[in-house]
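Residue numbers (my numbering), protein chains in the order written: chain L, 1 to 311; chain D, 312 to 622.
Note that these hints are calculated values from the structure, not bench results.
Among the hints, a few may not be true.
[As the list claims (entries may be wrong)] No more than 27 Å apart at the CA atoms, straight line, and that leaves these computed lysine-lysine pairs for DSSO-like: (1) K26/L to K356/D; (2) K181/L to K337/D; (3) K62/L to K452/D; (4) K337/D to K141/L; (5) K141/L to K373/D; (6) K288/L to K141/L; (7) K414/D to K103/L; (8) K452/D to K141/L; (9) K26/L to K373/D; (10) K337/D to K414/D; (11) K62/L to K141/L.
[What the hints assert, rightly or not] Sample of chain D residues with no beta-carbon within 10 Å of chain L, all distances over it, derived: (12) L392; (13) A526; (14) N596; (15) A606; (16) G619.
Just so we're clear, the structure is a prediction, and the values are computed from it rather than from any experiment.
For glycine and all other residues, C-beta sits at the position ideal for the given N, C-alpha and C.
Protein chains: 2
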Amino acid sequence: MDIPAYMAHSAARINAAMPGCVRALKGAHPRLGKAMAYSLSAGGKRIRPALMFAAYEVFGRKAGDILPAACAVEMVHTYSLIHDDLPCMDDAGLRRGRATCHKVYGEAGAVLAGDALLTDAFTILLCSGYPARVRNNDLLKAAGILAARAGARGMVSGQAADLDAEGFLDRQNGRVIARRKVEALRLLAYIHLHKTADLISAAVEMGAVLAGAGARDVAALAAFGRDIGLCFQMADDILDAAGDGKKLGKNSSDARNRKLTYATLLGVAEAGRRGAALMRRALANLEKAGGRPAAKARLTALAGYIYGTDR
Amino acid sequence: MDIPAYMAHSAARINAAMPGCVRALKGAHPRLGKAMAYSLSAGGKRIRPALMFAAYEVFGRKAGDILPAACAVEMVHTYSLIHDDLPCMDDAGLRRGRATCHKVYGEAGAVLAGDALLTDAFTILLCSGYPARVRNNDLLKAAGILAARAGARGMVSGQAADLDAEGFLDRQNGRVIARRKVEALRLLAYIHLHKTADLISAAVEMGAVLAGAGARDVAALAAFGRDIGLCFQMADDILDAAGDGKKLGKNSSDARNRKLTYATLLGVAEAGRRGAALMRRALANLEKAGGRPAAKARLTALAGYIYGTDR
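With the hints as extra help, turn the sequences into a complete structure.
See the structure below:
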């Protein structure tokens, strides 16, 4: 199971399709279009599209059918990074090794580029052509899943809670006061679930829905996606604790801003144990789903790659 | 034709439904939910929902069918106001007679409230229940229209161009240098079309699409909506030129920020003549649509109300 090759192939599909997504928005204000393209082309592993493709393939379909839907999820992810990096949020200057959108296009330009990427994720998702085997009713459902997981019940609340989290830290030494540790862990679980896992789960669930999977299979894959998302964030915390900003292609902002992470709260070893437990739960959920065993094995391997591999 | 009563009835429907839209997003971060509710409850005439309802009724339907769709358009409108008011954009402190969202919830809070309102406009639109006569295929089309008109080909580009427009003014005396007047008028037409008319047109077009209207009727109503939107912005320019910030419930920001408007470029009289020409074109387009004459007459009266009445 050559997962790096699968990831690379899937990322290449997305990278090839992205300029077309921006071109499809012809008539856009030129500078706005440039800011959108700048952030879309910044790269990244394109993990969400890969998971969506792999989930779709579990039900015997070919990933090429749902390329616009995979682009849509990546557009939503890109918007969230642009807005998270804003001076009024995390005030980040570097992302994926490049200057952040607002550093290049100004604060207003970055707010608008994010707004447009979010909105046009739905344009690309809803207005693109799909083969007839992708049914309109399933497309409607998939769009509803994307909106619900990215909105106030999901990703946006994760970011709102993340901003709150700074108050939990004793700024003097970067440690959480002991009596507030339970509260801090609860807050952190909320942040990881919504800020990261919700959109990853949406990508996996959308893949299953677009393949016409039944409700039970869809639920199992959504739960799998949620846990993979939580694992992914756990791995990010652990890497960030190592302070290796270069490897992540960003400033080591968690440490600098003294943010709550599992690594700072529980230590790297315990964070690793919790990550492994989440991975077991993810795979147990995947087991509950039907579909093709070989394609499910690929999803398992993808999950391991995302959690364990040096990113 | 009691248009003020129709407007009031339609606004009351929306105002009654809005808290439910926010409640439907249970699990949202509490402060985020409050910021969303704060801006949604700030009032306004709810012109877009009224136009959507009236367009839907042209085809013999009852407005109550599409309440979630009307709320969705108003949520998109509300998000756009929150982001336009941000310090990095228009830096407005007052909106509809109240402190703007970022004055109450901070800059990050306002960015996130806008993001969530935009995203969850699609949640409410796509995940709400509708009577069976509202077909899923039409709902899919309506959601695509909303996304396309609100995105980079539409409203967001209008705001991006609006930010550019300040460069056209000689800051010394607030007048456009004569040789750049043609260019300024072209820019202004672009701003009005995208910043204002696109979403109003989307509201009207969505009403027709959700009623299952044919392509020709939908096109006629979309063109009508676009022109009404242009008229509406023209009227706003003229009112703003009168400098009556209190009446608009906001700071007289166009004058203060020396923004491009038809009133400042052409004078109030010529702006009024152009508005009247647009209104004639709007009504000619409405004439091309089929549907119930009485309901079309209501749409005509609504258009006049929106353009002519003291807002």
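Here is how each hint holds up against the structure:
1. For the proposed pair K26/L and K356/D, the alpha carbon gap of about 32 Å is over 27 Å, so the pair is violated.
2. Between the alpha carbons of K181/L and K337/D the distance comes to roughly 26 Å, so the proposed pair stays at or under 27 Å and holds.
3. A distance of roughly 25 Å separates the Cα atoms of K62/L and K452/D; the hinted pair therefore holds under the 27 Å criterion.
4. Proximity of K337/D to K141/L is assessed by CA-CA distance (about 19 Å); at most 27 Å being required, the pair is judged to hold.
5. Taking the CA atoms of K141/L and K373/D, the gap is near 25 Å; set against the 27 Å cutoff, the hint holds.
6. The straight-line distance between the Cα atoms of K288/L and K141/L is roughly 22 Å, inside the 27 Å bound, and the hint therefore holds.
7. As the CA atoms of K414/D and K103/L are separated by approximately 24 Å, the hinted pair is consistent with the 27 Å bound.
8. Between K452/D and K141/L the CA atoms are separated by roughly 14 Å; this keeps the pair inside 27 Å, and the hint holds.
9. A C-alpha spacing of about 36 Å is found between K26/L and K373/D, which places the hinted pair above 27 Å, so the restraint is violated.
10. At most 27 Å may separate the alpha-carbon atoms for a hinted pair to count; K337/D and K414/D meet this at roughly 25 Å.
11. With a CA separation close to 20 Å, the supplied pair K62/L and K141/L stays within the 27 Å bound.
12. Listed as outside the interface, L392/D is consistent with that label: its C-beta sits roughly 12 Å from the nearest C-beta of chain L, beyond the 10 Å cut-off.
13. For A526/D, the condition that its CB be more than 10 Å from all CB atoms of chain L holds, with the nearest at approximately 15 Å.
14. The claim that N596/D is not at the interface with chain L holds, since no C-beta of that chain comes within 10 Å of its own (minimum 21 Å).
15. Residue-level check passed: A606/D sits 28 Å from the nearest beta carbon of chain L, beyond 10 Å.
16. The beta carbon of G619/D sits about 31 Å from the closest Cβ of chain L, which is more than 10 Å, so the claim that it is off the interface holds.
Hint compliance for this structure: hints 1 and 9 are broken, all remaining hints hold.
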